[in-house]
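For chain A, the structure is supplied; the task is to place chain B on it using the hints.
There are 2 protein chains.
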Amino acid sequence: MTDCKFAGDAEVIDFARRHSGQFEAGATLNVEEIGDGNINFVFRVFEPGGASVIIKQALPYVRIIGEGWPLSQDRIRIEAEALMLEADYCPDLVPKVYHFDADRSAIVMEDIGAYENLRHALVARARLPHLADQLGRFCADTLFHTSDLYLDAHRKKEMVARFINPDLCKITEDLFFWDPYCDHERNNINPLIHSEAEALWSDEPLKLEVARLKHRFLCAAEALVHGDLHSGSVFANAEGTRVIDPEFAYFGPIGFDVGSLIGNLLLNYAGQSQLPGDDAERQAYREWLLQAVATFWNTFSGRFLGHMEAHTADPSLDLPAYREALLADLLADSLGYAGTELIRRTIGLAHVLDLEAIEDAQQRAQAETLALRLGRTLILERRAFDSIEAVLERIREWVTRNASPVTRFRCASLRSAASYVSSPAL
Amino acid sequence: MTDCKFAGDAEVIDFARRHSGQFEAGATLNVEEIGDGNINFVFRVFEPGGASVIIKQALPYVRIIGEGWPLSQDRIRIEAEALMLEADYCPDLVPKVYHFDADRSAIVMEDIGAYENLRHALVARARLPHLADQLGRFCADTLFHTSDLYLDAHRKKEMVARFINPDLCKITEDLFFWDPYCDHERNNINPLIHSEAEALWSDEPLKLEVARLKHRFLCAAEALVHGDLHSGSVFANAEGTRVIDPEFAYFGPIGFDVGSLIGNLLLNYAGQSQLPGDDAERQAYREWLLQAVATFWNTFSGRFLGHMEAHTADPSLDLPAYREALLADLLADSLGYAGTELIRRTIGLAHVLDLEAIEDAQQRAQAETLALRLGRTLILERRAFDSIEAVLERIREWVTRNASPVTRFRCASLRSAASYVSSPAL
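Quick mapping for you: the protein sequence lines, in order, are chains A and B.
Taking my numbering, I'd label the letters of the first sequence as residues 280 to 705.
Taking my numbering, I'd label the letters of the second sequence as residues 280 to 705.
Just chain A, with the same shape it has in the complex (with noise of 0.2 Å):
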C-alpha cells in the first residue's frame, strides 16, 4: 500500500486545502518539505504571509531506508488518535489535529513553527521559564486520565487494544534495553569511551535491573504513553509547549514517560560539562537543569497525587496509603528509565545532539562517560530516593565529589572492563 503517498506538491497542496479548513478559497499555496525525523514525511503548507499547516504522512517503510525496512501504517492512526485523546486533557500542550485520512495515512495539523524544538534549546542554553510546570501537567494528566485509575474498566482494555503497537515498541525493546548492554552492530560508541562501553555488557548487577525495566515496559499496562518522549518530540518558547510525535504510544508504564523526560533535562546537563561556552553560564545552566527536573517531577506528582484524591474511579484503589505506595513506584521506575535513555543516547544507535555538539572527541568522551554513569547509577538506585531532591542531591555531591574522575578515567580507559564493574555505581 504505497499508492498513498502524494504524487507531488500539486497533491499535498490539494489535501491540505480540503482537510485543514485553514485557508481562504482561491489563496496561493505553497509547500515544503520539512521532515527532520528518520521515519516519516512531514509537509509545510503555507500561504506567504498568511495561514499554515502541518502534513504528516506514513509510509509502509521507514522513510530514510526505503521499502528494506517495512514499517506498520498503523503508527499514524496511533498517533492521530493519541493526539487527539492528549487534547482532550492537555489542550494547550499539543498541535490541534484537523483531520486524519486513514487511506492516506497522513494527519493534518497545526503548525508549530512559532515554537522551537526543546533539543536545540537546551544546547543553546535557553531558560524556559513554563517548560518543566507544563511538562509535568502534560505528563500527570494525560496518564492519570488514560490509567485505571480513573477509566471505566471496559474503556481501559479498549483502548489497550486499540493502542497495541507491536512494530513501535519493538524498536524501543531493542535500542533502549538490548543493544546499549551487548557488543551490538547497531552500537555506535566513541573510541574513547569503548572501556565503558565494555564494561556495561559484562555488569550483570545492571543487566539485571535493565531487565527488569524492560520486563515493565513490555507488561506494564498501566497508562497511554507517549512512548518517545525525548527532547526531540517537545517544541517550546518563552510561553509555550507543544508535545508532538506520538506515533509511539501504547499501554505501557507511566514512569517511561517520566523518565524519558528526565533522562533527557540529563543528557543536557552531561553535555553542558563540555559544550563550547563560558564556565559560569555553563555552570548556572546545569543547576537550571537540575531544578527543571525537580520542578517538571513536583508539578508531575502534585497534580497526580491531586487527580487520585479528586477523581480515582475505582473504590479499591482510593486510599491515602496507595498513593503515596503507588508516587514512590513512580519516581523508582521514572529514574529506572532516566538511566536507559542517558545510557542508549550515549552508545546505542540514536545519539543527540546534547553530546554529539561537544567537537573534540576527548571532551565529547567525557561528558558521555558522565552520562553512563550517572545512568547506571540511576537504574541500580531508583528505589533508594523518597524524593527528587534527594536525587538531585546526590548528583551534586557526586559531581562535586569527583570533580576530576573523568579526567582521571580518561587516563585509566584501558584498566579492564573487570575492575570498573567492582566500582561503586558513580
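Think of the hints as simulated: they come from the structure by calculation, not from any bench.
A portion of the hints provided could be inaccurate.
Identical copies go unnamed one by one, so any copy, or any two together, can satisfy a pair.
In the EDC-like style, the derived pairs of lysine to aspartate or glutamate whose C-alpha atoms are separated by at most 20 Å in a straight line are [claimed, not checked]:
#1 LYS449 / ASP431
#2 LYS449 / ASP597
#3 LYS449 / ASP507
#4 LYS284 / ASP353
#5 LYS375 / GLU303
Below, chain B without anything else, positioned relative to chain A:
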C-alpha cells in the same frame, strides 16, 4: 443475539452428531443438561454404553439470572481459543476441543466424565497422587509459553489483543479485590464471623496490599492466565487431571493462576480443621494438602526455570540473576493472590464447599476465621518467604502455637473491630 439457543434436545443431538466426529452414523444418541456452574449451559450427548461428548454454550446473559445480567458471548470464543492454546503445551491436561461454532456460541469437546470435580474430591479427602505435579506442569507450560520470555514480540501483542476480556475480568476485579474489603451487599458472611469481616474493612495495611495486587491484576500482562483456576475448574482421578473452563482467560499476572490453586488447597486445609471425620485422618490429610502445595509450587517453579534456561527468546531477559529474581517475585505474587482467594471465598459472594460442608455454624466460623487470617498473613507477608517450605513452616508453626486461638476468638467475637486490627497478622 439469543437465537443461537438450541430449540430442544434434537438440535443439540444433531449439533453433536455433525461436529464431534465421535459417533457412528445412525447411532442412537441421548442428551442431558449437566451444567452445575452459574453462567453457561452444558450438555452431555452420549450413545448409551458408547461414546459421549460435551457441548458448552454461552448465551448473552448469565444463565442463573437471565437477560437481566448480560454477559458478552465473546467469552466462549476466548474459552475455545484458550483450550486450544493450552493443548499445544499440555494436551493431556485439557479436554480436547472437537469444534468451536461462533454462530452457536458453542464448543463441542471431550467428555471428561471419568474425572471427579477436584473440590468434591478434596472435601472427601481423596489423595490424588499426580494432582500437584500435573497442575504444576500445567501452570509452568501454559504460562511460560504465552509470556514475553518465549513469544515473539509481535505475537505476544497480537495475543494480548485477542484475549482482551473485560466482562469476565470485571467480575474478578470486583469479587476478589473489592467486595470482601467493604460492607458490600454482594457479600455473604456467617454472622458469627461478622466482626472478623468488619476488621478487614478497616485494615488499612491489608487494603493497601490488596490494592497493589489489584493494580497488577489490572495492568500486568505477563502471560495468558486461565483466570479462574479454582478447584471447581479442575477434574482429576488417581491417574490424571483435566483443567477446564478458561472463559476468564486474559493476559494477566502469572501469580494469579498459581496463587488461585494454592489458595484453593489452603481453603480445603482450613475446612478440614472442622469437616466431619476422624481427627487423625483429617490431620494427616491436612499435612497431605501442605505437601501438595509444596509439590505444586516446586514443580511449577522448577519447570518454569528449566524453560527459562532453555527457551528464553529475548536475550536481554536471558540472565541467571533475572531468572532467580523473577521466580522470587512470582512466589510473592502467588502467595498474595492465594490470600485474596482465601478471603473472598470466605466472606465474599461465591463460597466453596470446603467450608460450606461444615454444617455447624460455630465450627464453620472457626474454619472461616482460619481461612481469613491465613489469607491476611499471606497477603501481608508475601515478600518475606524465600521458599514454599518456609511458607508452609510458617503455617504449621502458627497453627501449632495457636492451637486454640480460634476457639478463643469465638468467645471474643464481639470484640470491637478496632482491637482486632491491632493484633498480629495471624
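Hints versus structure:
1. LYS449 / ASP431: For LYS449 and ASP431, only the inter-copy Cα distance (10 Å) is at most 20 Å; the intra-copy one is 28 Å.
2. LYS449 / ASP597: between (34 Å within a copy, 17 Å between copies)
3. LYS449 / ASP507: within (13 Å within a copy, 31 Å between copies)
4. LYS284 / ASP353: Within one copy, since 15 Å is at most 20 Å while 38 Å is not.
5. LYS375 / GLU303: Intra 19 Å, inter 66 Å, cutoff 20 Å: intra-copy only.
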